[in-house]
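2 protein chains.
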Amino acid sequence: MPRILPMPAMQWNAWGSAEAATELSPGIRGLLSAALGIEGDPTPGVASEAVAIPDSRLDDAALGELAAIVGPQAVSRERDDRLLRAGGRSTPDLLRRRMSHQMVPDAVIAPADDDEVAAVLRWAESAGVAVVPLGGGTGVVGGTDPQAGPHHAVLSLDLGRFDALIHLDEISGIATFGAGVGGPRAEELLGAHGLSLGHFPQSFEFATIGGFAATRSSGQASAGYGRFDDMVVGLTVVTPRGILRLGDVARSAAGPDLRQLMLGSEGVLGVITSVSVRVHRAPTTSIGAAWRFPDFATGAAALRALAQRGAGLGPTVLRLSDEMETGVNLASPGAIGEATGGGCLAVTRFDGDEAACLARAELTAATLAAAGGQSLGAGPADAWEHGRFRAPYLRDALLAVGAGCETLETATTWSALMDLRTAVTDALLTALQESGSRALVLCHISHTYPTGASLYFTVVYALGDDPVTQWAHAKAAACEAIVAQHATISHHHAIGMDHRPWLHAEIGAVGVQILRTLKATLDPAAVLNPGKLIP
Amino acid sequence: MPRILPMPAMQWNAWGSAEAATELSPGIRGLLSAALGIEGDPTPGVASEAVAIPDSRLDDAALGELAAIVGPQAVSRERDDRLLRAGGRSTPDLLRRRMSHQMVPDAVIAPADDDEVAAVLRWAESAGVAVVPLGGGTGVVGGTDPQAGPHHAVLSLDLGRFDALIHLDEISGIATFGAGVGGPRAEELLGAHGLSLGHFPQSFEFATIGGFAATRSSGQASAGYGRFDDMVVGLTVVTPRGILRLGDVARSAAGPDLRQLMLGSEGVLGVITSVSVRVHRAPTTSIGAAWRFPDFATGAAALRALAQRGAGLGPTVLRLSDEMETGVNLASPGAIGEATGGGCLAVTRFDGDEAACLARAELTAATLAAAGGQSLGAGPADAWEHGRFRAPYLRDALLAVGAGCETLETATTWSALMDLRTAVTDALLTALQESGSRALVLCHISHTYPTGASLYFTVVYALGDDPVTQWAHAKAAACEAIVAQHATISHHHAIGMDHRPWLHAEIGAVGVQILRTLKATLDPAAVLNPGKLIP
Chain A
261 MPRILPMPAM QWNAWGSAEA ATELSPGIRG LLSAALGIEG DPTPGVASEA
311 VAIPDSRLDD AALGELAAIV GPQAVSRERD DRLLRAGGRS TPDLLRRRMS
361 HQMVPDAVIA PADDDEVAAV LRWAESAGVA VVPLGGGTGV VGGTDPQAGP
411 HHAVLSLDLG RFDALIHLDE ISGIATFGAG VGGPRAEELL GAHGLSLGHF
461 PQSFEFATIG GFAATRSSGQ ASAGYGRFDD MVVGLTVVTP RGILRLGDVA
511 RSAAGPDLRQ LMLGSEGVLG VITSVSVRVH RAPTTSIGAA WRFPDFATGA
561 AALRALAQRG AGLGPTVLRL SDEMETGVNL ASPGAIGEAT GGGCLAVTRF
611 DGDEAACLAR AELTAATLAA AGGQSLGAGP ADAWEHGRFR APYLRDALLA
661 VGAGCETLET ATTWSALMDL RTAVTDALLT ALQESGSRAL VLCHISHTYP
711 TGASLYFTVV YALGDDPVTQ WAHAKAAACE AIVAQHATIS HHHAIGMDHR
761 PWLHAEIGAV GVQILRTLKA TLDPAAVLNP GKLIP
Chain B
261 MPRILPMPAM QWNAWGSAEA ATELSPGIRG LLSAALGIEG DPTPGVASEA
311 VAIPDSRLDD AALGELAAIV GPQAVSRERD DRLLRAGGRS TPDLLRRRMS
361 HQMVPDAVIA PADDDEVAAV LRWAESAGVA VVPLGGGTGV VGGTDPQAGP
411 HHAVLSLDLG RFDALIHLDE ISGIATFGAG VGGPRAEELL GAHGLSLGHF
461 PQSFEFATIG GFAATRSSGQ ASAGYGRFDD MVVGLTVVTP RGILRLGDVA
511 RSAAGPDLRQ LMLGSEGVLG VITSVSVRVH RAPTTSIGAA WRFPDFATGA
561 AALRALAQRG AGLGPTVLRL SDEMETGVNL ASPGAIGEAT GGGCLAVTRF
611 DGDEAACLAR AELTAATLAA AGGQSLGAGP ADAWEHGRFR APYLRDALLA
661 VGAGCETLET ATTWSALMDL RTAVTDALLT ALQESGSRAL VLCHISHTYP
711 TGASLYFTVV YALGDDPVTQ WAHAKAAACE AIVAQHATIS HHHAIGMDHR
761 PWLHAEIGAV GVQILRTLKA TLDPAAVLNP GKLIP
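Residue numbers (the numbering used here), protein chains in the order written: chain A, 261 to 795; chain B, 261 to 795.
Treat the hints with care, as some may be off.
Identical chains share a label here; the pair holds if one copy fits it or two copies do between them.
What the hints assert, rightly or not - Under the rule of at most 20 Å between Cα atoms (straight-line distance), these lysine to any residue pairs were calculated in the SDA-like manner:
#1 K779 with P410
#2 K779 with A769
#3 K779 with A638
#4 K779 with G791
#5 K779 with G768
#6 K779 with R501
#7 K779 with A561
#8 K779 with V306
#9 K779 with R698
Simulated from the structure, these hints should not be mistaken for laboratory data.
Please work from the sequences and hints to get the whole structure.
Now the structure itself:
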């Protein structure tokens, strides 16, 4: 009998595919030894066969009812199916996956269309079972943890069968994708028509269109093509109280923009099943250009000048590493540990048609040079491009030798950016020092707006004896620093479980009440993704 | 005792100031005669002294309670104060203002800060009185009609005392304005710092920052600076259930974007009291360039090519008139009725720094020429610029001679745009023909996006014996056509009362339920702006 349940693309306990795993270069080993005192050899993770998982709390009768909705091959209680959907890929997730006991959903279901999703939600309400919508499982804030909440079991709702380019309007440049379409597959489907979406987050190779929408993802080409929430024209959301279809007009003043309620809703208000996005002609020209700035503040001021000169005149990709990130060559993983020229590296890239790219590159070069930048040519920009999806693999190799590696991100206004960086860096270093670990805190800007920018921190440190608690302490310190600086608790990773304690500080009591009201209206039995997003 | 109640800038029964009123040129008179059979002389409107208004339903005790909140000079039951706040400035509004009986609020109150607004709302809840927040009174969809709804009286809450530039962050380019700051005043306050907001809707001279936010306004420079909802970074909303403060970070993935719930909320969920907007350096260069296209479809395709080439590379102002609008010179009111060169006129303008303007103008010229445009130089673009805020005055002069003149707008995807124009035009012509009137239907595109564009219709017709009913019939026909074409019921005029019957078609039953839930949560006594927005 054919198997219909989708096969997740990623390993259950590590990023990506095993074939693409990496080893630590001598340069990195040297850096770990010198900076953090880490010398050990890699220790392998626990084998999936050796892991203990709880028995499923869904009995044969329940499975039969679910099978009646989606067909017997699209629902499973098999050990491997459940283990593969244990949650996301944050560092705490991966640290927990190195343990002998795993929390997993009680079953996995893969509906094929909106009606089946609606039927699964009705079943869940009547059966008292939680439902966790799952795309690529690449989240890093606990947003897909298999929490049952107040219910007696939890079902992983895999969107892998929503895998089609449903509609393409080439004139308007609008593509409607099933929520389960992965990043590379979306580009492939569009590429056949000479089009591109241009959304390349770090998770691109494994994340899905629906996940991008549910978390307000932002990609490496955001300077040119915007955040994912900027790209969304319309979406379909199956809620326990009906199907919401929004969009299909360019822009509107017909009341509040309800799309913006569903973007970032993280599966707690409904299941996003399709997303209409704006697409563009695939670029015919790509120009890379790297720059060096004497320090991060000077580089940030240059990026600000670019962003405030006018969106669209600047680069497609824009990234500025701070002194520490530049010093360890993080923007070029293959060269980590090698000597650099100092200062702060900025990478720019211009994608589009030739005339526009040339004009944008010229305007950008003038702005960056006037702001104190020194041109480094295309080399470092091409090196970054080459290695840009490798960092999560590197993290797995680091964890194996006892080096913790995690990222976190925030955003604020330009005027508050440098103080925010200092506050978060200090909080992380202090908290990890309290746990007895030395740490490196690297930072870059990779998303800019006229009014402000994101800060993306990479933290590398010696894992302690209780590494989950160790990182929770450091993360909490960083979150407290972010909130104290009135910055956002997340620029593009979303809220999930990990940021939930800090959302109140950002949206206030009335904002929280709005979310709770929406939840109570659309999901009155609270079956959808318990414990996520809403405080 | 000093008077604190703000003085509205506009006449009670016409657009703008009496001094700026216009007369019909011989060219227009000739056009009205030839095309519509309208020959009459102007008849004056009813004098304010001659108008009958209902007695206020708020007694001395109620006034005393309100005076205790805001001070005795900031609350009024005076006839003129109430008449000046009778509602918006749609053509039906102005037709009704020519009648002998007027609907007006029972009193006017002008709180000075958030706490006073909150106290007024608490009073309204306990007293069972409706509250209609009022900015400039320039709305055209009945959004500020003094409706009491289920309550026994209605209070006009004038935001005119929220008149300050509260905070300016020049580094981040963020200005926080009181909601009552008018368009020109905002530019004046920013201009003192070398900055500009760049929001220039038709209502610019009289509308307010708070009104722009509450209605999702879009201005003539939207191609360069975006819609008003794109400009908003943060806002403060006083609801009956607490104060919501949002924003102050560039962008966020911290759940649904609650700002987007309050933008377009039209005073039904809370009173917007301050708005933080992104601002930019005042342009140092302005280049106008006009183009002629052989027909509207060719011109629209050229605009599409511009919009899809990349935001920011194109003009700041972009407007394409259809054949009819070009033929009557509507883009240059001083020349209406004069001969034109035929085809379709497109106006572009590039504001910014010199290097960027030159690059954008060059890229734009290449795109428009390749798409079949013929350059006309700067002249027609400058003529449009000169007359761009005059149209509403012209409407008053037309109404006085028995010529109805109204505008309506919508938006859709590029692929659906031409069919939408045909459907709406046909619906208007047919409906007005049914009422026995000849009509001219003019159309232009003035807001473009990568995925679609707005259509803005101007209808000129012979007023019938019952002109309010006559237009309601035509407007309903246009709305039905818009809905049948799956376009938006409003691109930038908002919902108010006039579009409310068609909102359900756009957002569906679940969307309506979300709005009702939000209303019930934030304004459980339903005192805020009854009868608006929410079906």
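Consistency of the hints with the structure:
no.: 1; hint: K779 with P410; in the structure: within (15 Å within a copy, 28 Å between copies)
no.: 2; hint: K779 with A769; in the structure: both (15 Å within a copy, 16 Å between copies)
no.: 3; hint: K779 with A638; in the structure: neither (49 Å within a copy, 54 Å between copies)
no.: 4; hint: K779 with G791; in the structure: within (12 Å within a copy, 26 Å between copies)
no.: 5; hint: K779 with G768; in the structure: both (17 Å within a copy, 18 Å between copies)
no.: 6; hint: K779 with R501; in the structure: both (11 Å within a copy, 18 Å between copies)
no.: 7; hint: K779 with A561; in the structure: neither (41 Å within a copy, 43 Å between copies)
no.: 8; hint: K779 with V306; in the structure: neither (38 Å within a copy, 52 Å between copies)
no.: 9; hint: K779 with R698; in the structure: neither (43 Å within a copy, 52 Å between copies)
In summary, the numbered hints that this structure violates are 3, 7, 8, 9.
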